[in-house]
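Colleague: The residues making up each chain are set out below.
Number of protein chains: 4
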Amino acid sequence: MSVYGEKIKLTVFGESHGEAIGAVLDGVPSGYKIDMDKVLTQMSRRAPGKDKTATPRLEKDFPNIKSGILNGVTTGAPIACLIENTNTKSSDYSNLMDSPRPGHSDYTAYVKYNGNNDIRGGGHFSGRLTAPIVFAGAVLRQILEQQGIKIAAHISSIADVEDTAFNPVEISDSLIDELNVSRFPLIDKSKEEKMRSAVESARADGDSVGGTIECIVKGVPAGVGGPLFDGIEGAVSKAVFGIPAVKGIEFGSGFSGSKKRASENNDAFEFKDGKVVTKTNNCGGILGGISSGMPIIFKAAVKPTPSVSKEQDTVNLQTGKNAKLSVKGRHDPCIVPRAVAVVEAVAALAIFDLLENR
Amino acid sequence: MSVYGEKIKLTVFGESHGEAIGAVLDGVPSGYKIDMDKVLTQMSRRAPGKDKTATPRLEKDFPNIKSGILNGVTTGAPIACLIENTNTKSSDYSNLMDSPRPGHSDYTAYVKYNGNNDIRGGGHFSGRLTAPIVFAGAVLRQILEQQGIKIAAHISSIADVEDTAFNPVEISDSLIDELNVSRFPLIDKSKEEKMRSAVESARADGDSVGGTIECIVKGVPAGVGGPLFDGIEGAVSKAVFGIPAVKGIEFGSGFSGSKKRASENNDAFEFKDGKVVTKTNNCGGILGGISSGMPIIFKAAVKPTPSVSKEQDTVNLQTGKNAKLSVKGRHDPCIVPRAVAVVEAVAALAIFDLLENR
Amino acid sequence: MSVYGEKIKLTVFGESHGEAIGAVLDGVPSGYKIDMDKVLTQMSRRAPGKDKTATPRLEKDFPNIKSGILNGVTTGAPIACLIENTNTKSSDYSNLMDSPRPGHSDYTAYVKYNGNNDIRGGGHFSGRLTAPIVFAGAVLRQILEQQGIKIAAHISSIADVEDTAFNPVEISDSLIDELNVSRFPLIDKSKEEKMRSAVESARADGDSVGGTIECIVKGVPAGVGGPLFDGIEGAVSKAVFGIPAVKGIEFGSGFSGSKKRASENNDAFEFKDGKVVTKTNNCGGILGGISSGMPIIFKAAVKPTPSVSKEQDTVNLQTGKNAKLSVKGRHDPCIVPRAVAVVEAVAALAIFDLLENR
Amino acid sequence: MSVYGEKIKLTVFGESHGEAIGAVLDGVPSGYKIDMDKVLTQMSRRAPGKDKTATPRLEKDFPNIKSGILNGVTTGAPIACLIENTNTKSSDYSNLMDSPRPGHSDYTAYVKYNGNNDIRGGGHFSGRLTAPIVFAGAVLRQILEQQGIKIAAHISSIADVEDTAFNPVEISDSLIDELNVSRFPLIDKSKEEKMRSAVESARADGDSVGGTIECIVKGVPAGVGGPLFDGIEGAVSKAVFGIPAVKGIEFGSGFSGSKKRASENNDAFEFKDGKVVTKTNNCGGILGGISSGMPIIFKAAVKPTPSVSKEQDTVNLQTGKNAKLSVKGRHDPCIVPRAVAVVEAVAALAIFDLLENR
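Line by line, the protein sequences give chains A, B, C and D. Under our numbering, residues 21 to 378 are what the first sequence spells out, in order. Under our numbering, residues 21 to 378 are what the second sequence spells out, in order. Under our numbering, residues 21 to 378 are what the third sequence spells out, in order. Under our numbering, residues 21 to 378 are what the fourth sequence spells out, in order.
Rather than coming from a laboratory, the hints here were simulated on the basis of the structure.
Only pairs whose alpha carbons sit at most 27 angstroms apart, straight line, appear in this in silico BS3-like list of lysine-lysine:
1) B:Lys299 to A:Lys348
2) A:Lys27 to D:Lys238
3) A:Lys280 to A:Lys238
4) D:Lys295 to C:Lys341
5) B:Lys292 to A:Lys341
6) D:Lys292 to C:Lys341
7) C:Lys330 to D:Lys295
8) C:Lys238 to D:Lys341
9) B:Lys341 to A:Lys292
10) D:Lys238 to D:Lys27
11) D:Lys344 to C:Lys299
12) B:Lys344 to A:Lys280
13) A:Lys27 to C:Lys27
14) C:Lys280 to D:Lys348
Residues of chain D clear of chain C, computed beta-carbon distances all greater than 12 angstroms:
15) Tyr52
16) Met117
17) Asp193
The following residues of chain A were derived to be distant from chain C, with all beta-carbon distances above 12 angstroms:
18) Met56
19) Glu190
20) Leu195
21) Glu198
22) Pro241
23) Gly243
24) Ser276
25) Phe291
26) Lys295
27) Thr300
For every residue, glycine included, the Cβ atom is placed at its ideal position computed from N, Cα and C.
Just chain A, with the same shape it has in the complex:
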């Protein structure tokens, strides 16, 4: 199912080179004002062709709202949004029917759908399907903001170049606001040049690079989430792994925390301004699957986008013989900057659902 959520339900539809893609977001409460400019800002951060790291394709990713918002206010009915596919060059993909691209879903989708899936541009598996996800997230985070909850993410690393991490106990609103509109969001901007070099170097080689994205959700009150399979980690990870190319996630100190002793990794409690806080935040704002009131922090690993022009080994599913493949066409040497807005969107989705599901 291309569906996420319990209390809200996001249904994503469309194929990369079909007529349109889109989303239906059901369960959004009525009466919330939605600023379309803010929605477009987020969609533009994800859209291709806006930054040097991205593909030269130009897509008019305009979300046509068909229902659920009247005069800029949510009606309570499902919000349906349609995004036309206007710039589709299908001829590029003809040979993929036979020879699946390594690292892509071509082969596994071929098996699952007996070859009936629309393979052009990756079909329903295309990164393009993240556009309606960003739309949905952009709507939901506006409602979250009206409840004092803010979401921000930055490029934590590209290739082996790392940005500074968020301060896990104190993240300023000004930093959040700045990151929220950036196309290349970094905490330490001095890292931008090195990161861009890594991307350019890969591009020059007909190759691509991956990276990581760190995301925080600030303002979630203590007590959201639940034990066992109802924990925040499970809900957020299910949403984040909904993004093609994500292959790992960790909360708080995560993998590095597994090397620590408890005396280092435990977060001591203290009263601060009459409120219970933790002095550190190695738990990423989550204890027992439930929010502690501190920022929720997670990091996602994004694999290098598999489309490369270098020749690769593959198979020919028609002839049953091994084959060689050179993927022509347009592709990003690094999707990490564009994926930041998508990570924020699915974080909004997961947290909104958890909050409504209390």
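With the hints as your guide, set chains B, C and D onto chain A.
Modeller: Just chains B, C and D now, kept in the frame of chain A:
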């Protein structure tokens, strides 16, 4: 909800120091023979007090099956299993009502349940609740095995001592069988001594250590899973984060893959014995959320168990003042060896659900 | 949630006088040929303005398929369908903001959505929302037919004029085929005139009449469904009550069976052509929530459409005073004939989901 | 799945002649006091052997609470309840393995589970499984009552003897309180004798009779429920059809309303004590799937319990030949009086879930 699954549903109930804990597993097909000895072997691997790294508590974790299995064969009705709590010393936990233990769910559960939750032994948040999960997994993996699907995991690291990783493209059945019955499962057994030293050293300091667990599922046919929110990664991660203490997960090359170039990270296809395989398996057996037919591989990060006897800073929720806490009582200096069986169990749960949900 | 289903998920969106309505149908298996002419036939049966019993509105209810069907074959991706709203005269509804229409959702929706819902034409509560449901049903029943499963319904009664009931044990394919394309489907066609008289008489009085619809699903193999909350009755009734105006449902002998003795109501088994059948079918093809292999039979009660031009008592929500209301505009004196195709569609939806969910 | 609910989840397990039956009720908020005496009163109303219309079996249907309630107060963890099966005489059922009882689930369950299901006493399909459902309902209705919501039902008819219906706009608390503790709940008690005569007459003939149960939920605020598949009718009907033997349901004027004109069937609004009410309540308190604030009213049809001692035609599944069957053993000539408490319980379940799901 303490519920997992779409096609099968696992409901886990109980509180650490209540009368009993247990599970109901609904949706299991009828007609499968279940070997109770194999179930008990898995439960015993998780049970405390069986290994030097574990707590000295002794629990009779015997699963009383109340329905769903008749004469050793599944009836198709929900399988209900009850495990009595026989060795509960509640007096140890009295002061936790006031002073939440750092790293535990005490504070967040207190907020969520307004102090009405059963805090003794962690209540419904206790690691003890993984016993019924192992029961459910032990049932399901027997059915999976009858379909040619095997699951195995090993201690990938404890503190900073690392075991050798699985060969991602070829895992022998003999290794799987060996790991499946081990209480301290390692691929490179020479690492056991170093790992035990790290645990003992922490215990001597009244502290604890964490680690990582690598798990594989072998024999899943290509074509299982789905795009976007229906991917294997999302389903498995939701199950794995259902285990208390897990704070990270990665599939295949995961976080290290995010530092690679696509030309290194992509897995080339080839025909082998007339079957499509990949030469490497950096994708962890999953492309576009769908199985490739290669082993599914993931690694989970387990935080150091937060119960330590060292004095820690906390708050007193009754007085509203900062406080000191020394956690007395019985606790594991390292839960990683016991958690291996739990990781395997939730892997069985997730893969079984995905297979049934095709 | 405007969502139905476990294994397939139908999401319905749109508001009567918004830009468009539509549906996303997720979980449809790949590789099925869909004949659009058959889809249009079913949508036309539901569409208004085609029969004298219906409203004079003309709507171009053409389903624009945006994804999930490529070259007439299902791709396995969600099937998205958009239906433009072209003939919307909003001015008719302005006073309803203040004075809710008796029998409609105006008041209850106003309370639920705090007045933010789109009230024009009933908004998301409009009978018009059944158009995308018929679309989804028309797709699914084609796949069901390829599995030997046929669905048919007829007008069982209008006002107090009753049609003959289906023979519960033997329904010919020719009768099914005939009913499937009829705009006024009856088993005993001699009842048409009397029924139309009842409708015309109500129309002349500015009033409307209700009726009942009997539906059968033939060819469902024995063994589909499940016990307790997983029964066929529960699944079908949830789907059928998704149709605005349905207020009752009964399976097999239903309410009249509650007056019988078991010796009359029980359906004796016998072998017929080597197959187990029942001599009668008072259980409506369902025992213990599971199909018996006999036709599944249910009857739905449709209330008289509440839009009448007669003056009615209501309240003015703005002034807080009692008020009078005369509903002007276009409305059906009887929606039962058009609702037949909708009942068939939701039957297809429910049965398809149950079959896939085995 | 033997699971009901979205926001709360009730899982029912057990087989009639297994070791125990029970329920897990997840999602119940913490901090509610539960009076066990009130729970036992409801369970006793359902239990067999308490009334002349019932089976002479004696069952100790005591609900052993294993978790989720501590010192009489809900903890927020899943509430698990176990009911031992103490009085099981399995020998009665041996020949049913071969010859399915007409009107029972024997044949359909045999097909679904390939003969692996526990057939003794109906196994998981037994009416006995309603005991844990009544337990769950008895817990939930206590919480509902603390929110001002009361539930009551009465025997609306047995065979062809009818009780007076509820006044649909005004139901006194004293009537509710009286019905809530009655074993033979009637509005017009003068009907009891006639009803008992009909039951006794059937019993004397080795036969059984069915009936109808009318249920109301008073105090549900306006605005609960939702459009299309999210309506109250769908949720309640799914719960009510979870009761074995229910074959029909109608809301408000239901089937009889389908014979009326809108001018008769519509419920006019008016202000009463400053509140919007309807003068009549033909809609059963539900418009557009959403509560109107008036009592929610529905009626369920219960088929005559299929166990009769009269000889019946059936098949022998082993020999493949037609056969005769006389069902020996203990059975109720009428389950309607006992089913009243079950209908109330599932009404509590559905309404509670809808309220929490707002």
